[in-house]
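Protein chains: 4
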Amino acid sequence: MAATAALREAPSPRDATAAFPAPAVSARPVDRAAWIAAFAHVRAETERRAAPLSPEDQQIQSMADASPTKWHRAHTTWFFEQFLLREHLPGYAIYDERLHYLFNSYYVAAGPRQPRIARGLITRPTTEEIAAYRAHVDRAVTALLGQASPTALEAVLPILEIGLYHEQQHQELLVTDILHAFAQNPLGPAYDPDWRFLAASGARGTVDLPRGIAQVGHAGAGFSFDNESPRHDSLILPCALDRALVSNRDWLGFMADGGYARPELWLSDGWLAVQAEGWEAPGYWRRDGESWATMTLAGIRPVEPDLPVTHVSYYEADAYARWAGRDLPTEAEWEVAAGGGGLDDAFGLVWQWTRSAYTAYPGYRPLPGALGEYNGKFMSNQFVLRGSSVATPQGHARVPYRNFFYPHQRWQFTGLRLAQIHA
Amino acid sequence: MAATAALREAPSPRDATAAFPAPAVSARPVDRAAWIAAFAHVRAETERRAAPLSPEDQQIQSMADASPTKWHRAHTTWFFEQFLLREHLPGYAIYDERLHYLFNSYYVAAGPRQPRIARGLITRPTTEEIAAYRAHVDRAVTALLGQASPTALEAVLPILEIGLYHEQQHQELLVTDILHAFAQNPLGPAYDPDWRFLAASGARGTVDLPRGIAQVGHAGAGFSFDNESPRHDSLILPCALDRALVSNRDWLGFMADGGYARPELWLSDGWLAVQAEGWEAPGYWRRDGESWATMTLAGIRPVEPDLPVTHVSYYEADAYARWAGRDLPTEAEWEVAAGGGGLDDAFGLVWQWTRSAYTAYPGYRPLPGALGEYNGKFMSNQFVLRGSSVATPQGHARVPYRNFFYPHQRWQFTGLRLAQIHA
Amino acid sequence: MAATAALREAPSPRDATAAFPAPAVSARPVDRAAWIAAFAHVRAETERRAAPLSPEDQQIQSMADASPTKWHRAHTTWFFEQFLLREHLPGYAIYDERLHYLFNSYYVAAGPRQPRIARGLITRPTTEEIAAYRAHVDRAVTALLGQASPTALEAVLPILEIGLYHEQQHQELLVTDILHAFAQNPLGPAYDPDWRFLAASGARGTVDLPRGIAQVGHAGAGFSFDNESPRHDSLILPCALDRALVSNRDWLGFMADGGYARPELWLSDGWLAVQAEGWEAPGYWRRDGESWATMTLAGIRPVEPDLPVTHVSYYEADAYARWAGRDLPTEAEWEVAAGGGGLDDAFGLVWQWTRSAYTAYPGYRPLPGALGEYNGKFMSNQFVLRGSSVATPQGHARVPYRNFFYPHQRWQFTGLRLAQIHA
Amino acid sequence: MAATAALREAPSPRDATAAFPAPAVSARPVDRAAWIAAFAHVRAETERRAAPLSPEDQQIQSMADASPTKWHRAHTTWFFEQFLLREHLPGYAIYDERLHYLFNSYYVAAGPRQPRIARGLITRPTTEEIAAYRAHVDRAVTALLGQASPTALEAVLPILEIGLYHEQQHQELLVTDILHAFAQNPLGPAYDPDWRFLAASGARGTVDLPRGIAQVGHAGAGFSFDNESPRHDSLILPCALDRALVSNRDWLGFMADGGYARPELWLSDGWLAVQAEGWEAPGYWRRDGESWATMTLAGIRPVEPDLPVTHVSYYEADAYARWAGRDLPTEAEWEVAAGGGGLDDAFGLVWQWTRSAYTAYPGYRPLPGALGEYNGKFMSNQFVLRGSSVATPQGHARVPYRNFFYPHQRWQFTGLRLAQIHA
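Residue numbers (UniProt numbering), protein chains in the order written: chain A, 1 to 423; chain B, 1 to 423; chain C, 1 to 423; chain D, 1 to 423.
You may find that some hints are simply not true.
Estimated spans, in silico, between C-beta atoms of each pair [claimed, not checked]:
(1) B:Arg211 - A:Gly222: 26 to 34 Å
(2) C:Arg249 - D:Ala324: 20 to 28 Å
(3) D:Gly202 - A:Asp96: 51 to 59 Å
Partner residues are not named here, just some residues of chain B that face chain C (Cβ under 7 Å, in silico) [claimed, not checked]:
(4) Ser62
(5) Met63
(6) Ala64
(7) Ile117
(8) Thr123
(9) Val399
A short, non-exhaustive set of chain A residues, derived as facing chain B with CB atoms under 7 Å [stated by the list, open to error]:
(10) Leu267
(11) Asp269
(12) Ala357
(13) Gly363
(14) Leu367
(15) Pro407
Hints are computed from structural coordinates only; laboratory data are not their basis. Here a beta-carbon is modelled for each residue, glycine too, at the ideal position from N, C-alpha and C.
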């Protein structure tokens, strides 16, 4: 898989010795050592991703949607302290009560917090002090896992597990956020000069789905987020999904055909974004004489035609599909096709926009308490993406996983594959 | 049906002598007189709705989402001139080429246009001059319908028909826009002092839908908008829809329980709207000592508990459902239940928010040309509403009709009914 | 003097029979008939200026700095009701208490008021109803002037007098505001098709001022605004003021020399305005093939080289002076030169920017009460203009008169004359 | 003088061994060693002020008006490279051409530059790399001073001198900007825990100026900025300036009397600022139970009544003067009084707002070239402050020095003294 130097040494999730994913929460007896290892593994990965960044790099927030590296490191730590240690480790001394305000993200039920837009203004604690905060919490969680009674563990493990997946989500954001920050610098700094994106599979043809009722959503004993439930029946209409992702070569064809200058191809809100933002190419692309270059984790590089297109918004994906006379798949179609193993590059390159608005599965109810804010409250104005990206940590992606972003956003590694509905 | 004085004299759509809806476009031989009557009927209704308004009233645009009365009157006229007369009436002389720029709404393919936000700045032509423009176009369309060859009529009638439904949509907007404008005036002017909202049915109980595949979307020979097609199968999961609409009494219960002050009840974007806009009650409500009054088409009136709640946004509808431990129905559920005749007050009181994001039906493709911009380009960030409202012209509403607005908007007559998914 | 048809019939201020200016407030015995005539004269002039405008024209507010015609007519009426009738006419019945909120402008001490930005949203009272309001107040003021005791008149006349000058200021704004409104309409409506701007005098040469102490500010028994006092000594350094105003021909030279594209000519805030607003010519100018046209009170007309340049901001005036290697005069220099009669076109064409920031004369204190808000609270961020314009009512302009606007504003008839400081 | 630890070790300007101010530019023979020492002294002071700050601290820009510490260090270096080395050191190799874009501030004539608002997004070069850039330029300038021919030195010294004063201005901004940044952090970090503000003198009484013509502006051989010239006659009217600054105790009296809630005390633009910003006390003040605390360079501290009030805007200073029935002095009055030595605490505590708008002295012309942008282009919308503050470097302040800020700004150490005009 394409990855930064920092990323690519991570053990494969298919590796029998992998520390992650951890055992199922319900497995008995509880394998404490495995959970401790999983915790250590995930926590270390965050630090490994932050390691190439100077204190200055870790400080800044380049837009409201992004957060400082430093903040990601502290917020994921706060998550364990707030939801795990504060309630489940008797006698645990909060590291510094003042950090609670600074590193709560959006959990209204967990109290007031630093305004999102102002996360980049907190220079103290420093990156070093945040390392100390992380170490303190790491020790406490490890101790808790080693010493908790079996009964206590039953309450602890589900929170631990969500905390690990939560931290992995921030690992991905850490990378996409610093790419955005570096893209603001005319010098185009490299996060990792050796980083390379792998070419797409080059597969041709389609995966054809017949009409039928399919089960959609999470099943089984492994981890899932609440928004993947309830598993439910879904009617699949006959359709065909491309095996391959849309490539930069494809996209250059769209551009050459006036794609960014033809309002009839665009959603109304999308056309407003094109005009307001001056879009004329995917995110981070910049003209380089007669050709195009793009800002990457390795700095500014030529656009390579064989790579999957990335940093496109939903609006762009939708316009591209209309231009091609095709559709984006629904998330159910994607899930059925990917579950059958027929999609190339489903994981590990780019998140794939679907034409499904992000809404609740039938009968969905959020969890009680602050963790109920995790997914449910974002169910408006966003679209679902499926798969995973080059920035997604190993062991994180799963077929029923539902990612979601606003249709104008494009700082994630977001791309698309086309489909055709035969309705 | 509750209506303004202006509205309530309109013939019932069930009236055999009704001039509207017109005959089916495909009926042969073409009944020219019926089409001429339908055209006259719809055009007259616009003027009847504008009649209580002074030139000053007709001039203003009270927010970007609204348009001046005068503009509605001119734009609907432009629609016939642009799409019907310009192409289909040989020798037709454009009334004033300069009006094209002023009264195109959002048809990018039809050329540049006055910025939406600045529609209220056009004082000339005056309301009287627009009446003359309307009369000119009325004469030309009537002449065309009387004299066109049968072959020509085949091309003309579909455009005429969409023009009539288009004008009816603007009739509804004309009323909701002037209500918004009047609500900005501390004097609270009345559009019609005798206007009254009818009480909701007071029905109890639910309509229960069993699991099954249902056909959804437009069928048959009558008129429909492109976004109602293709008709397609939809899987209905077991659910129950309330027969009754949510009433003001219900809503006061939500408010008394802190509904507007409890972030856990709200979507994240909804909570931002609550805070940014200072919402503490439905749109147009204002405190009146210990109780509540509301701006209506009859001026400022006490809030009546038995009336259906209206002027609530999707965000409010969603929060209310969460508070009640219920769901909003999907648009498919609503369509099946309403098609079976089980829903009270499905039409004529308030549009009902569904939990369905407004997206394309499977296999949908927009029409070619400028009219392809009619519905398709708005398929992001909006939610579907079903039914019709007190401001909807008679003969306009139909079961498969898909209305749509942004989730923060509440200047339409928008309310809700609850449902329960048994998934 | 150049004027609209509406304006140019006004009697000259030098006409012995002129109803305005009125007698000095301190003249004894009080000439009641003269005051009644002056009041009638000024009030009629407002209506004469509004007469060419339709109700729609009178309704709109085309930007925050402008106000609707209708509002000007009502606000000037409210001024007499609020400050004169309410306190000084025993038994006077307020016409409609609700108008107080609507038509107070910025007198915080007089209570809350309609937000300035939303003046254009008040369609009721209509223009006709405002005419009735004006008539009501006119009758009451006339009665008061006829019947008040001599003692009462002593209190009444100073307020009446400021009310008359106040109304004249709004007469000027009425014209400049409607010009701005009409300029937003692509049709370019004419306020008065026969309106013409008079050519500037074409004078050459300068008025030379020697070094010396001069008295500056209001003197004598006639009317003045509080900001013209105290009269005080001012040191004049040797300087020379051009007899002539800068013309369109001059300005085209500045433009041809890249004036709008050379940041070194501009104040920093001015250059920001150039870029943000896209200025490339004076306000209302638009390209017409190879030459320039401009929106005027007579509609869109070619730019005439011999006319004084107008609708230029302070930033533009300052850049022009820098480009020319000259200065703008100070307001004291202007006052001394104009007082000596040496300046051509000092009055009646364009207000002339000075390089004096608008601040208090030494020892200035505002009047007590709400009228103290008239001038004093605007003494920051604005620059002084001297003279008067084509839109200024006859009898209003005086040598010590201090007009003031923000340096970015250019919807008034604002121009400039150059000077040279020999310091 | 009150100062941070970093600041207070600086040699007094009255110290005979002081390295700064340097010799007069015109002194012959040129004392190369003295100039090299002055250069070293000023450059070292910048680094001394930055030393307590972590890389994270040095990175952020907490508002558009402020700049990162790191940027100040680099920009002052760029200034010497751009204006001195590039033109006057034969064979000088630009350290890194890419830095030119990043560290030009507002010199339009010197080419395009990083948008001001985005200075905080440049994490590379790092603080360390900027130290290397500084060292490189320091060596080159020192070499130039040692080896330049006498003729070359004639051109070099005036630029060197303005570069030194320029750097001192940024030393002050460095401190005020980091205070603003720290004030955004709820933890209230201390720049220097030992920092203390000295109490004001406690003087009573006034300095009385008689009517007369005074010379105002720079005179003599020492350094001055262009905006202090030409020296010119100014008419002083009889007035009295308080010996003492307004103190926190005084200000608490204004607050207790409703100062922030009485619109009649405020300029119109000032009252808008009060409402928009929610001002209810000077900048950085925050309620602490029944009393007030304030963010300082030593962290959050109680407000001490005997200290001069600081972090007040012009609007606040003006409102205070109106409340007190007094005036702010003009800059000429201040200069005459301070020149006579009669003002206590004229220097070293707080900059003192005058009621003089910042405009050109009669006959002023900016320097040619990019350095002409230094002062002249800011001559609109700002007010003059006189004296110097606790953050001003030693040796920088002079009686005719004209500082200027926008009337709403209050992140500088800005205070006031009152006066009374006897006009």
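Hints versus structure:
1. B:Arg211 - A:Gly222: 26 to 34 Å: For Gly222 of chain A against Arg211 of chain B, whose Cβ atoms are near 28 Å apart, the range 26 to 34 Å holds.
2. C:Arg249 - D:Ala324: 20 to 28 Å: For Ala324 of chain D against Arg249 of chain C, whose Cβ atoms are near 52 Å apart, the range 20 to 28 Å is violated.
3. D:Gly202 - A:Asp96: 51 to 59 Å: Given range 51 to 59 Å: violated, Cβ gap about 41 Å.
4. Ser62: holds (6 Å)
5. Met63: violated (9 Å)
6. Ala64: Ala64 of chain B check fails; min Cβ-Cβ to chain C is 13 Å, beyond 7 Å.
7. Ile117: Violated: closest Cβ of chain C sits about 11 Å from Ile117 of chain B, beyond 7 Å.
8. Thr123: At about 4 Å, which falls below the 7 Å cut-off, the nearest Cβ of chain C leaves the hint on Thr123 of chain B intact, so it holds.
9. Val399: violated (38 Å)
10. Leu267: Constraint on Leu267 of chain A satisfied, holds at 5 Å.
11. Asp269: Result: holds, 5 Å to nearest chain B Cβ.
12. Ala357: holds (3 Å)
13. Gly363: At 3 Å from the nearest chain B Cβ, Gly363 of chain A passes the 7 Å test, so the hint holds.
14. Leu367: Given a least distance of 11 Å, the restraint on Leu367 of chain A is violated.
15. Pro407: holds (5 Å)
When each numbered hint is compared with the structure, violations occur for hints 2, 3, 5, 6, 7, 9, 14.
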